[in-house]
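Here the sequence shown stands for residues 1 to 313, numbered as in the numbering used here.
Treat the hints as calculated values from the structure; they're not laboratory data. These numbers were taken from a predicted model, which means no experiment stands behind them. Treat each hint with caution, since some may be false.
[Claimed, not checked] Listed next, the in silico SDA-like pairs over lysine to any residue satisfying Cα-Cα at most 25 Å (straight line):
| # | residue 1 | residue 2 |
| --- | --- | --- |
| 1 | K271 | F290 |
| 2 | K28 | D121 |
| 3 | K70 | F91 |
| 4 | K50 | Y82 |
| 5 | K27 | F119 |
| 6 | K123 | S164 |
| 7 | K103 | N48 |
| 8 | K219 | K250 |
| 9 | K296 | R115 |
| 10 | K54 | S89 |
| 11 | K105 | S162 |
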Amino acid sequence: MNETLIDAIKSLQLRIDASKANLENDKKIQGFIELLMENPEAWAVLYNWKNHPKPLVIVEPGDFDFFKLKPDLLSVASASHYLRDYVYSFFEQYSEVTLDNEKIKRINDFIKQARAKNFLDSKNEFLLYCSQCRKVVLTNKLEEDDKCTCGMSYDFKFSLTSISPSISQEIISGHLLELYALRIARSIEDLKLIGMEIQGEEKVVYTSIQYSDIGVGDKSNGELDLLGVKNDTIAAFECKFNETTYSDIKDFLGIADNLYYRIREKKPNLKLIKIIISYDGSKLTPSNNFFVMSIKNLISINTAIKEIKTLIH
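All chains, please: the whole structure from these sequences, using the hints.
This is the structure in structure tokens:
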């Protein structure tokens, strides 16, 4: 490992974002990231929630036909404004998901697991649906033997959940994606991540570190979401939880270049790889200057790890 290169980069470190530092080491958030590593398809629901922050709805049993259930529920709930909002919330949360019933069921299972692990808070509000007599009932209490007035058991139960405050803050700020990228980067063999110690604590922070004299425009300093070194290569990461355009990454490209030129004075053979991890990077034109990975339609985290491994030699 090139310790001289690492020391040169660390010599430019200025400060960390204190609020992000605490969240980076939060066990609850790390547990949620772990669940997302196993279920990357759930990013689509989190992105939709970021733009339309409504309760997330779980349907049970989990073996359902979303595209058959949708018109049935919409027709029976149309008479009640509140029921209509409840049902619309369920369908709206999948608006970013491609028309794939199996994918929707997997995300529903993710939400259910997140509730079981207390990443989501339950609300005492349930919607019961009987497909036999096409009846919908809203209740705040469930009984084990709940039956419809027609005598049949309800076919589906819908329950509301809310995202816990610390996790919702991470989603809105986009920092959750930085922590996700950190997990991916840690899976890259021989990639040494550049962290910064929190003064007075035995903790190291790796995301959102500010560096001196690498800023762009009228800013003298610059912040990098994540930075790693492998051999004589610097890997700089920028995370954008949006539909990313060039204007979103312009500052990052300049900051990463400025860091490279500062360090290259001591390491003439230095290389730089700029990696954009975006929710949706389809608006970015492919370039030799940077690599883009979109998580919108990511099915397996191993795919993401493999793609980045091929970039960082």
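Status of the hints after comparison with the structure:
{"no.": "1", "hint": "K271 - F290", "result": "13 Å, holds"}
{"no.": "2", "hint": "K28 - D121", "result": "13 Å, holds"}
{"no.": "3", "hint": "K70 - F91", "result": "7 Å, holds"}
{"no.": "4", "hint": "K50 - Y82", "result": "22 Å, holds"}
{"no.": "5", "hint": "K27 - F119", "result": "11 Å, holds"}
{"no.": "6", "hint": "K123 - S164", "result": "12 Å, holds"}
{"no.": "7", "hint": "K103 - N48", "result": "16 Å, holds"}
{"no.": "8", "hint": "K219 - K250", "result": "14 Å, holds"}
{"no.": "9", "hint": "K296 - R115", "result": "22 Å, holds"}
{"no.": "10", "hint": "K54 - S89", "result": "7 Å, holds"}
{"no.": "11", "hint": "K105 - S162", "result": "19 Å, holds"}
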